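**Q** The task is simple: from the sequences and hints, build the whole structure.
Just so we're aligned: the sequence shown equals residues 50 to 651 in the working numbering.
Keep in mind the hints are simulated off the structure, nothing from the lab.
No incorrect hints appear here.
The calculated BS3-like cross-link candidates involving lysine-lysine, where the alpha carbons are at most 30 Å apart (straight line), are:
| # | residue 1 | residue 2 |
| --- | --- | --- |
| 1 | LYS646 | LYS597 |
| 2 | LYS423 | LYS638 |
| 3 | LYS373 | LYS186 |
| 4 | LYS167 | LYS373 |
Here the structure is a predicted model, which means the values were calculated and not measured.
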Amino acid sequence: MQEIQINIIGPDGGKTVCWSLTGKNLREVIAISNQDPGGSCGGRGICGKCKVRVRGEVSPLTAQESEFLLPEELKLGLRLACFCTIQGPLDVYLDYAPSHEIKPLKKSRNYQFKPLVKTETFFIKGLEKSEPVPLLKRITNALPGFAVKITPKNINELAKLDREGRPSLELKALVFDQQVVKYVGREKRNAYGIALDIGTTTLFALLVSLENGETVQAASATNMQRVYGSDIISRISYCLEKEGGLEELHMILVNNINNLIAELLQQNALASDDLVKLTVVGNPVMLHLFLGISVKGFASAPYSGLFADVMHLEASAVGIEAHKNADLIILPQIGGFVGADTIACLLNISPQMRRFLLIDIGTNGEIVLADGKKLWAASAAAGPAFEGGRISSGMRAGPGAVDKVFYGDDGKIGFNIIGNEMIKGVCGSGIIDLAAVLRRGRYIDEFGIIDQEGSYNDNIKLQNVSDGLQLAVTDTVTGGKLTITQQDIREVQLAKSAIRTGIDILLMQAGLNVQDLEAVYLAGAFGNVLQAESCIDIGLVPPVSRDKIINIGNAAAEGALKALLSDAALAEAGVWQSRISYVELAGHKDFQEMFIKNINFG
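**A** Encoded structure:
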């Protein structure tokens, strides 16, 4: 059977060439080529999000696929990749933001830092013909008290300098932890570390100098496992149902991380040998997949993994491309689906704060409550709605995504659009704002039902489409439109009810009232852009004073960074772990009743 050439063109014009056979699924071919076809249903043909422009020979449009595509999209050549099979040569255009983002981020840390590496200058004797002593032996003799653990590549570099009859040679040793030498050369050399947050949807990495503690650069990338499902339950199912599924998802994730790290190193003219230490956080399922460890324990109650305490490994054991002897540390986890990312977030909480709520909102929301003496943690399966999944016009945060919705001075609904482009869709923070704004304007009632008697105008219109009512909001600046359906509103209600029910159960467990809370921390890249007023208005968080809601950004990555640079911070992570009790929400006697109650908007 003849192979067919497939050209995959990214939004920046970059082209990836791959080869396939007739009849292969287009979405799978895109994913195998390490590109992201989009979508949130794992290729099951139910989300309608893997839209790509195609030019060439693919299978004909079916009635089922056409339900997801507008006539204008069909005219432009848009198809759903999961419905298409390859019939001949093909150009595929991925018209969305690139999955990688590199950010310059030079700043000093705001906590004490003790250098993890230092440079020692020393001399070795030249190679003597009468009594030749091996090069590595001469180096170790010149460094008494140090453990020399340099790579074969490093030894070969030194061998080029070591000529017979040469007098003593001045060298510099890069020393770690006061006693381990991992590099020897003529020039002074720095060493670097990576703080890595493995999210279900996004990977986030910080490249750090271990000599001065400064963050050199930050980078993020789409977690390519999303091709097999947008949530952890889908990925667990894939591992259990498909032979070799665990190994496949492990390799996808490791390759994904290696590509992200390689891009960071390349941007800063560094090599993988310069990377000598990594700290890693994530939820328990992601960490198990990262290590290639069975996730069977997460498929049914009591939802327990195979490890939870801090793990010290060599990066090479996992497949991470770094220095041969690079250390890799996985921070401790809490239990169930609450992992090391939550522990890392807690490393950013002020020790003076006694009664607080910490919420990391995402596909899998984590919640921690402290009453001044004890802490409780729970995991809420919010689903992909807050990531733009299962929302008819939903998308990831990127150019063209509405990330904020508000009432302008003219009383009309306005948008903030990422990149100041035409509207392509709405991301998680935008969908929460939109629900809050529609509730305030009484376009939807407390039950989330679209009000047919609302004050509709040119800015917001009621539309009756084939599958029910929807609202169309026009951007007063660009003229672009954003639609939200009755089903979209229901998806938001289900997601917010999962988070809020978790909060209410923990408050009940601790015997606290909302008024007792000193702070409500919203963590994560998503949580950092949420507007407090919108979160309160839809009932996502309890009705606390606005000034008590604090956005703390990607606190998981920041916590991983602290653990990378400080043994004290790593020890503190263990202390947090020992103090927290895990609460299984699904098994709580009041869960169902409270969940149904919290579906309504506040």
